[in-house]
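Line order of the protein sequences matches chains U and Y. When we follow the working numbering, the leftmost residue of the first sequence carries the number 1, and every step to the right adds one. When we follow the working numbering, the leftmost residue of the second sequence carries the number 1, and every step to the right adds one.
By construction, these hints were calculated from the structure, which means they are not laboratory data.
Same chains, same names: a pair is fine if it fits in one copy or spans any two.
Below, in silico cross-link-like pairs of lysine to any residue (SDA-like), each with a Cα-Cα straight-line distance of 25 Å or less:
{"#": "1", "residue 1": "K121", "residue 2": "A134"}
{"#": "2", "residue 1": "K163", "residue 2": "T209"}
{"#": "3", "residue 1": "K149", "residue 2": "L70"}
{"#": "4", "residue 1": "K149", "residue 2": "S59"}
Number of protein chains: 2
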Amino acid sequence: MRASERAYLTLLEDILEWRLPPGTVLAEVEQSERLGVSRTPLREALGRLAAEGLTAPHSGRGVVVTELSLDHADELFELREALECKAASLAARRGNPLVFSQLQKEFSSAAVLVNGDEAAKGNYYSLVQRLDDAIDQSMDNSYLLQSLKSLRVHLVRIRRLAKDNPERLLASAMEHANIAGAIAAGDAQLAAACTTVHLNQSLNHLKSTQHQTERTAS
Amino acid sequence: MRASERAYLTLLEDILEWRLPPGTVLAEVEQSERLGVSRTPLREALGRLAAEGLTAPHSGRGVVVTELSLDHADELFELREALECKAASLAARRGNPLVFSQLQKEFSSAAVLVNGDEAAKGNYYSLVQRLDDAIDQSMDNSYLLQSLKSLRVHLVRIRRLAKDNPERLLASAMEHANIAGAIAAGDAQLAAACTTVHLNQSLNHLKSTQHQTERTAS
DNA sequence: TTTTCCTTTCTTGTATACACTGAGTGTTGA
DNA sequence: TCAACACTCAGTGTATACAAGAAAGGAAAA
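Given the sequences, and given the hints that come with them, work out the whole structure.
Written out as structure tokens, the structure reads:
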């Protein structure tokens, strides 16, 4: 693997996992020594991160990890609604109904997963991943896919701020089942509506986490 | 100005103006000599172009300017509808009505512009630009703005394939007036609907250009 | 004659040295 | 004591040399 690729993947993971929290200054020599590559591939990695909006220039001197807090959740979810509703609509028009009715079934019977142990919860998350993948493939639009991917990087980062609980996961599973069902039925409008509902519920849950944190802190 | 910035801007313009058409191979030494910079800043420029989807790796040997033809218009406009409808909705909720009712008036009286000479047509295009800018500012969402900007790069490129005529420009002006009016009225749903109408008309016009070209070629 | 393998050469990937800019600090004058 | 100027230095921006890898061409064998 190329050195620039290794540096990029390492930095990306460090940022997404909050090991490099917002505001962290990324000096070139420092990071190149830490990652064991020279400055040239490191600069390429930093350039890719900047293009994704994960880093930003810092008063003319170096780059910093961009701010991200629950304050950004509203903006992020507005974009997410635009992209994912469109994606669900297109999938409803173009996807294979069998794939999505199968996914719907799995989500409907996901109650056992979200109440189980960590491994079972991992299974649930991979099920969500499979629905996303199926939509990505069915919508058959490379530009929309590209936009979604760059959005998801930020979503991964912000998701770490939320604590999920069994009740929310169960509700989420039902919402996902509805989305899959609407796509399987070929109903574009319903698929978009189900996605809107799901995203609003997710956002509300995310914000309720914030209130808890504020109360805990005070 | 930095050498990498110059190289980036020059290559960007060359690609958008079709001086570097799709499929053109961009060899590093060749381009660095052409632009009078060394390979290091040139590589940074190429990296930025690749992040925007304007270039893509070419079977292990250099990068090529990505394909773009009217075949991509459908995909591009699907993403555009998702983003611009959302943008118009948000602007309707958050924008200053006075700004948009002023823009509506200007679009309504734009008939004299589109029938005029080249300079007058330039005025019309800058009016469209002002509406876009007003929406960008009013929607107040940096993530959505970022997505829109990366989309617009491709739209600039594909717009060169379309020939505009006075009838289309006049209709376009009316459609823009409707969008501005809906935003001024604070009607998010109507603003989105007007945007959908406008984009469908634009896409149809773009495709009719294609048919003419095909008939001309045969 | 065709296919396969080897060699050559061109292009990219990486490291490093040097130049330049900008921020911080210390000193000097009012 | 404060402000302004100059100097230092850390850190980025650029150039270039070198290494590694892939494609193309030719030669040899089937």
